[in-house]
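Go ahead and model the full structure; you've got the sequences and the hints to work with.
Residue numbers (this note's numbering), protein chains in the order written: chain V, 448 to 952; chain Z, -19 to 299; chain P, 3 to 324.
What the hints contain is simulated information worked out from the structure, not anything from laboratory work.
Please note that a few of the clues may not be correct.
[Claimed, not checked] Simulated crosslink set (EDC-like; lysine to aspartate or glutamate; CA at most 20 Å straight-line):
| no. | chain 1 | residue 1 | chain 2 | residue 2 |
| --- | --- | --- | --- | --- |
| 1 | V | 639 | V | 628 |
| 2 | V | 788 | Z | 177 |
| 3 | V | 498 | V | 471 |
| 4 | V | 498 | P | 200 |
| 5 | V | 788 | Z | 125 |
Spelled out, the chains give:
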Amino acid sequence: MSLGNQLLFAKGISKRFGANTVLDNVNFAVEAGSVHVLMGENGAGKSTLIKILSGIHMPDAGEIILQEECVLLSNPRIATDLGIRVVHQEFSLVAGLSVAENIHLGNQPRTKWGWVNNSERTESAKKMLDLLGATIDPDTLVGELTVGERQLVEIARALVGDAKILILDEPTAALSAREVDHLLSSVDRLKKLGVGLVYISHRMEEVRRVGDRVSVLRDGKLVLESDLSEVEDSALIQAMIGRPLDQQYPPRNFDLGDQLLEAQELSSPGAFEKITFSLRAGEVLGVVGPTGCGLNELGRALFGLLPTSSGVVRLQGKEVSLANARHAIHAGLAYVPDDRKVAGLMPNSSVKFNASAAILRRLTKYGQPIATKRENLAVESLVKQLNIIAPSNNTPIRLLSGGNQQKVVLGRWLLHGARAFILAEPTRGVDVGAKEAIYTQINGLASNGAGVLLLTSDLMEAIGMCDRLLVMQCGRVIAELARGELSMPTVLAALYTQEAHAQPH
Amino acid sequence: MRNPIEHMPSLPTIVSASVLLIAVIGLALLEPRFIVSQNLANIALQAAPLILVALAQGIVIISGGIDLSQGAAIAFAGIVGMLAALASNSIWVGWFIVIATGVALSAINGALVGWMRVPAFVATAGMLTYVDGASFLITGGLPIEFPPDGYSWFGRAFFGPVPVAIPVVAIISLLTCVLMHRTRIGRSIYLLGDNEEAARIVGINPSLCRFYVFLIAGFLTGCASIILTGRIDSAPPSLSPTIQFEAIAAVAIGGISMSGGHGGIWRAIAGVVPVAVAGNILNLMGVQTGAQLIIIGGITVGVVALQALPVIQLKRSRR
Amino acid sequence: MKNVLMKHSKLVRDIGPGITLLIILSAGFSYFAPEYYRQSNINNIIRQASPLFIASVGQMLVVLVAGIDISTGAVVAFSSVCGALAAVNGNAAYGVAAALLSGFLAGGTSGLFVTVFRVQPVIATIGMLSIARGFALVLSGGEPVDNIPDAIKFLGTGEIAGLPVPFFISAGVFALVGCWLSYLPSGRSLFAIGGSDEAAKAAGISVRTWRTMAYALAGALAGLAALIYAARSGSGQPTFGYGLELQTIGAVVLGGTTLGGGHATLIGTAIGALIITVLSNGMDLTGVSPYIQNVVLGIAIVAIVVFDRLRRLSSSQHPVIA
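Following this line, the structure appears as structure tokens:
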């Protein structure tokens, strides 16, 4: 490894949370004017490493050397002052304030009386935006920007005041192809200015385009580090998941039945347009696309949670009312939302309450009390079947791990006996062990004759789990891939080379 | 997963239980009039309607809202009911109208909160003002009196040494507990208060459910109104202006989560005990209204603040 | 160029309905009660609207940081009693200081409960409602505190250059708060805190400090309003302020501030306070009984919030998804 113009070297970093070793003796270096890509699955330790580099956590072992000096990053402010800036996945912008004000949030340029200097602020904002090549008016309200523009504003914010190292955490997760392009050219410009960049992503095309070095974490350990030019995609994927891609996902038999769920010309203004697909019994149909392009909205609309303006949905030939969730449930649909904390769990309620939530109607005759024995039996059997680990069925569900929580959120529909399952990001925020259990469960659903609509932004998951794949972009289905065509290159090609018409905004 | 917090009784419950114990023992020594059976019956009589109001408030809070209009609704329903009883010379008509008015007023709140998405505190604070005004308007500032014979039975009659109100309230309380813990509507209320979006996904209709919440609460406050007007044999325009604050205090002290979705409804009843006892003791000691207000307000906020302590500790240990 | 228009269009959207309502009400009342447009009545309106405006500005600050203050009226009563007691036993200057300080402390306590102990704003301020009202009763012995010095009475009843003194006090509040919110970093941070807690924290803004400060200032402003009320009635009374919190919420919402936080308009709050005052002034002039006035005001304010909700729901019907 050449030292060159090394800005930062994190040496021997280890971190434990309770009994969990999250990082184990990791080395990581950042050089000026270069992009160091950090790859790894969810739970591999990437975000913990970033948090350590940005001062949110302190490592249990190891040291951080910044420009030849050993530094102690005991809080985020210190890291920021030293020039280490992070652009996170969740935007930290205030929609009601202007771009210029957001860029200088907490750090407004002042006149000598201490008042905020509006003109200097606008000028400074413009300078940052120009550095990135972004043509955004600093006086617009952030709430009126597109997702891609907001991302650029976030980056501009991170650059204010002498940024030496910029850490980008999945910056393109929510962007359209054109916006990704924009972003990557901004990254190029930053490289030329001598900024050292850390780029977290698992999108090979982007990684190849801007990356110089790559490090792969798996289970907290650094398993691969190399120049990008000297390593192949398959080696990277294998390093990330520990085995070849085709062994990552549990096997299935593909016994397809009749047409189960179909949608025709389904449209929801502002979200998606003219979606048509058909799902057969026993089939796992995937839908992929950059987040924010109608994927999750489609899921919600199918379940009656989002108003639609036109189109029909049929389950087993019968039309399904899209007025509310109750109709969808009654028809035999099930829905696991993409963000279980926001929409899936009742956090303070017990495991039992959460698990039985979808079958309440079946547990009671009208007006009569809930059949407690039946409820308890049903929940017990579910817990056993899915191997849900909890102190008791009466434990508040927020105390369970993410994986176990997700099992309950999925499991409640198993009790319901739905025919068609709509699963949005089913393994988001779930550790590797529980992921496998969920994949097995999904396969089980298909084997039992249900149909699964899998909405996901995880391309590897889509390729590994699905029989067919729909590709969405900006609210439309732009491609459909059959089983034989499911591989990373073809999917990426479909995703990035086909442009749908831009949405007006 | 080792987590002692979920297995221990919650901190506020410990605190209020200890306070109650100390208060009862200490003040029984200081104020001998406290333990006299007449006084204890008095406390029970005071507590009975408060239990109903606290149950109502508890249900609203569990669903994620709050009700600031209970006092005004109780007074107004009492007035309208007594007028109806006088006009028709029938106590049954009167009682029915009291409850119907309570339900109707609450239904207005339910509609505003459930369908118009008006925040609960605005809708109910508004009702506090206009219903209060309406009460004064109808009565001209003077209480309605001399209801037909038997109208005040629930408030004044005794079965031997025990006031009638007590078994009546006990039955209603039991039914309410069964409603909340063993029926689908009760379970839906808990799920809704815990996470509205998730409740929607499992097929609960938030607007309708919130409407039902207020209907139930209205029924309970109507019953409380019958007892309260019965006790004083009249319906003044301002019957019990602080009762909703006492109810909120009871709900908080009992350990029901103020953010909704959590806490057995029986806790509202449990919380009434310290409030009623404390109120009684303070009255016996001659403490004035103002000081009582301070104490109630302080305890309410204090108890809710205590609910936060375990969370604050957890967060600190994350580093 | 486009954004200059857009910026102004946002303002117009906020206060447009308010101004329209004001014009309609004024026209209506002056038709039914010709005294409406007399100078003395206009002065009356200004005199009555001023303390409501000042208290509403406090409410606006709390709403801006995504909170709510149900204790405004009780804090006014408490501050008026403290101020009156201090003025009677000391002098006018002590009185003013005591009123402002007691309000500040009351509001600040609510704020601490919200920020440090994470008590819901509704509950924290309901508690303060009880506590403040209780202290007002205890400190005053249940009776009005009379004989406050003339210097304080001047604040409420006096005139400068033909305009009531309360007007100048309101103007001062308007200017100071306006400047603070527009030009000082701490004031700007309130918008960030109300808009997104996480964003503000991530930006290094001290969310706790300034959120608490918003509540504390609301209390101080209630104290200022209390001085004017006390000045007008010649005494500090523990019975002041019943129903005031609802009126301040009405004024704030009518002015275009969102109850969810992150957005506030000072001009709008002024217009809102004016509308509510015009409403009750008009009802006074046309001989409506005070009981009916209560009913009308209560219903009107709930209606205001309903319309505001409906307006926002309908305008967000088509979210932009890039």
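Now for the hints, and whether the structure bears them out:
1. V/639 - V/628: holds (17 Å)
2. V/788 - Z/177: holds (10 Å)
3. V/498 - V/471: holds (15 Å)
4. V/498 - P/200: holds (16 Å)
5. V/788 - Z/125: violated (55 Å)
The structure fails to meet hint 5 from the earlier list, while all remaining hints are met.
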